[in-house]
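Trainee: Since chain A is already given, all that's left is putting chain B on it; use the hints.
The primary structure of each chain is shown beneath.
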Amino acid sequence: MAQAQETGELAVIIGLEVHVQLETDTKIFCGCSTAAADEPNTNTCPVCLGLPGALPVLNEGAVEAAVKVGKAIDATIPERTRFHRKNYYYPDLPKNFQISQYDAPICQDGRLEFSVGDERRTVGIRRAHLEEDPGSLKHKGGSIDTAEYTLVDYNRAGTPLLEIVTDPDFRDAAEVRAFLAKLEEVLEYLGVFDAGRDGSLRVDANLSVVAESEVGADGSVDADVLEAANRTEVKNISSHKGAEKALAYEAQRQKNAIERGRAVQQETRHWDESRGITVSMRSKEEEKDYRYYREADLPPLEVADWKEEIDIPELPDARRERFREEYGLDVEAADKLTATKQVADFYEELAAEFDADLAATWVADNLLGELNYRDMQVTDIDGRLDEVKRLVELVAAEEITAKNARETVLRSMLDDGRDPDTVVAEEGLGKTTGDEVQQAVEAAIEENPGAVEDYHAGEDGAINFLVGQVMQKTGGSADPGDVNQLLREALE
Amino acid sequence: MSETPVDPDQVRHVASLARVSLDEEEVTEFTEQFADILGYFETLDEVPEVEREPELTNVMRPDEGRAGLSQEEALQNAPDTEDGHFKGPRVS
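Going down the list, the protein sequences come from chains A and B.
Just so we're aligned, residue 1 is where the first sequence starts under my numbering, counting upward by one.
Just so we're aligned, residue 493 is where the second sequence starts under my numbering, counting upward by one.
Extracted from the complex, chain A is given alone in its bound form:
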């Protein structure tokens, strides 16, 4: 097969297949729970174990979730959609086939817009189809190809999956990462996805390298050129970060091969997260080998009328714009505050109760900043947002200073798990009254004649020294700006 030119600039072409678990209470074709179980093989029944004679019945919740995703990505939801059997022989599915969709997926021709740095990008979504998740395998006594034996747990088998297939529109690994983050954000807004769940998002990526000269001005690449370039399918990617690393590695690996005049093999490669490399896997079935045929146990679906009744909530982009207009936020703050639905909801709660600017500072800068510093997410403090709200209340009521609230109270809340009122009481942070500050100002002036003299001699540093003295005397509970002002007045 033709390869990209050995000389000249090379361009990377990436398309994705993203598998997301839809958040339903029960599996897609049976009433077994999808909740995480402590014990293997405890959420199964004859349907998801593939026992003879068991018949699948489609979960309405999974269809509703898929329709919501379709609406959110501007996809066409066809009049009629149906299921197929995808045949492959592997113990993760006990029936020896996976119920999937083939020629009539539930969503077609959608798109998703996202930002990479300052650039807005739109990636085409070719299709999104419903299918069942396989069970999970453990390779015991070695890696996948050296194991002694295999253990199988079918708790996951039958969890509803939506496989979202993009056009080959990505030009580098960073774009893929940004896209996945945006996709997760949209799915979470729709309430159909739980990002915190292990394995809830899995990515396969097709990557090939072509000559830069083949890329058109609008970033498009001719279908023939893509067809002619050997591509690899990279599997086993399970996070945004993992996707960026895996695809950056794979792009470089292919470029190196081409630059050294070697051919890229068309093959499936496995992302080995711990070693940070992709490795060749045994050759996989080709599409015709799956012997797709109609699933006669599931009648077709006609969701055209029903889809009008399925509403979707305000999505991140719309909410971001509204935040900018309604609360006068800058782009950066609006971005941060709408990145997850939970954060956006919390912000709106605080903005309604206190003040939009104060709420923005507290949520976007203080809370997210301190969480980020600790490598934590808002989801890690799910049950404690009321405490954060109480802290903002204390600041709004001017019972503590903003500085103490962030640097002492918030940090202590995150590090030691204390609640704000306890921290304020135990650290004696109740805001100092004006009298106490005034006394501290007078004392500082009396005790430091040298600094006073320097101040009058026009030395700028002297006032800072005096402010520091006052702050020390008040245990940091005075407002430095006020102190500065009071000192200057006292020294006139």
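Take these hints with a grain of salt, some might be off.
Said to hold, decoys possible - Pulled from the structure, derived: some chain B residues nowhere near chain A, Cβ distances all over 10 angstroms: (1) E517; (2) E543; (3) P554.
As the list claims (entries may be wrong) - Subject to a maximum C-alpha distance of 30 angstroms in a straight line, what follows is the list of computed DSS-like cross-link-like pairs (lysine-lysine): (4) K579/B / K389/A; (5) K235/A / K71/A; (6) K235/A / K579/B; (7) K307/A / K235/A; (8) K307/A / K403/A; (9) K255/A / K307/A; (10) K241/A / K138/A; (11) K245/A / K95/A; (12) K255/A / K341/A; (13) K579/B / K140/A; (14) K71/A / K140/A; (15) K241/A / K579/B.
Said to hold, decoys possible - Partial selection, computed: residues in chain B whose CB lies under 10 angstroms from chain A: (16) L509; (17) A510; (18) L514; (19) D515; (20) E518; (21) T520; (22) T523; (23) G560; (24) E565; (25) L567; (26) D572; (27) G576; (28) P581; (29) V583.
Think of the hints as simulated: they come from the structure by calculation, not from any bench.
Every residue gets a Cβ at the ideal spot worked out from N, C-alpha and C, and that includes glycine.
Mentor: This is chain B only, laid out in the frame that chain A set:
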């Protein structure tokens, strides 16, 4: 006999997809049988069109849980188990 010829390589390929190993004698035997089976399907083409019952659509169930099997019940037909799992050979 089928009009569609079946060659031994097709039989080997289908066997490999099913992870079944066949010796040469079996390949020959199954090549003939495949041709016969395809022949039976062609017989179906001769069946005249009959009026079908209208097709069902939108058969769904609400997203509500139903009791399934216990771990013991789930594993009772398994030839080998370990720590609540089905146990089988290495699969690469």
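Trainee: If a hint holds in the structure, say so; if it does not, say that too.
Mentor: Evaluated hints:
For E517/B, the shortest C-beta to C-beta distance to chain A comes to about 23 angstroms, beyond the 10 angstroms cut-off, and the non-interface label holds. Consistency note on E543/B: stated as away from chain A, and its beta-carbon is indeed over 10 angstroms from all of that chain's, at 18 angstroms minimum. Its beta-carbon lying about 6 angstroms from the closest one in chain A, P554/B breaks the requirement of being farther than 10 angstroms from that chain. A threshold of 30 angstroms between alpha carbons decides the hint, and for K579/B with K389/A the separation of about 51 angstroms lies outside it, so the pair is violated.
Restraint check: the Cα-Cα separation between K235/A and K71/A comes to about 28 angstroms, which is no more than 30 angstroms; the hinted pair holds. A threshold of 30 angstroms between alpha carbons decides the hint, and for K235/A with K579/B the separation of about 25 angstroms falls inside it, so the pair holds. The suggested pairing of K307/A with K235/A is violated, with an alpha-carbon distance near 33 angstroms, which exceeds 30 angstroms. Taking the CA atoms of K307/A and K403/A, the gap is about 51 angstroms. The hint is violated against a cut of 30 angstroms.
Only pairs whose Cα atoms come within 30 angstroms are accepted, and K255/A paired with K307/A is rejected, the gap being roughly 45 angstroms. Between K241/A and K138/A the alpha-carbon distance is near 24 angstroms, which keeps this suggested pair within the 30 angstroms criterion. Of the pairs offered as hints, the one joining K245/A and K95/A is violated, with about 35 angstroms between alpha carbons and a cut-off of 30 angstroms exceeded. As the CA atoms of K255/A and K341/A are separated by approximately 40 angstroms, the hinted pair breaks the 30 angstroms bound.
Under the criterion of a C-alpha separation no larger than 30 angstroms, the hint pairing K579/B with K140/A is consistent with the structure, at around 10 angstroms. For the suggested pair K71/A and K140/A, the alpha carbons sit about 43 angstroms apart, so the restraint of at most 30 angstroms is broken. A C-alpha spacing of about 33 angstroms is found between K241/A and K579/B, which places the hinted pair above 30 angstroms, so the restraint is violated. Annotation: interface hint on L509/B holds; nearest CB of chain A at approximately 6 angstroms, less than 10 angstroms.
Taking 10 angstroms as the C-beta contact cut-off toward chain A, the hint placing A510/B at the interface holds, the least distance being around 5 angstroms. Using the Cβ-Cβ criterion of 10 angstroms, the hint placing L514/B at the interface with chain A is not satisfied: the shortest such distance is roughly 15 angstroms. Taking 10 angstroms as the C-beta cut-off, the interface hint given for D515/B is violated, the closest approach to chain A being about 20 angstroms. For E518/B, the shortest C-beta to C-beta distance to chain A is roughly 18 angstroms, which exceeds 10 angstroms, and the interface hint is violated.
Evaluation of the T520/B hint against chain A yields a violated restraint, the C-beta minimum of about 23 angstroms exceeding 10 angstroms. Annotation: T523/B was flagged as interfacial toward chain A, and the flag is violated, the nearest CB pair being 18 angstroms apart, outside 10 angstroms. At a threshold of 10 angstroms, the smallest CB-CB gap from G560/B to chain A is about 3 angstroms, leaving the interface hint in force. The beta carbon of E565/B is positioned within 10 angstroms of a beta carbon in chain A (closest approach about 9 angstroms), and the interface hint is therefore held.
This hint holds: L567/B has a C-beta 6 angstroms from the nearest C-beta of chain A, less than the 10 angstroms allowed. With a cut of 10 angstroms, the hint placing D572/B at the interface with chain A holds, because the nearest CB-to-CB distance is about 9 angstroms. The beta carbon of G576/B is positioned within 10 angstroms of a beta carbon in chain A (closest approach about 4 angstroms), and the interface hint is therefore held. Hint status for P581/B relative to chain A: holds, with the closest Cβ pair at about 6 angstroms, below 10 angstroms.
Contact between V583/B and chain A, as hinted, is supported at the beta carbon level, the nearest pair being about 5 angstroms apart and thus within 10 angstroms.
Of the hints listed earlier, those the structure fails to meet are numbers 3, 4, 7, 8, 9, 11, 12, 14, 15, 18, 19, 20, 21 and 22, in rising order.
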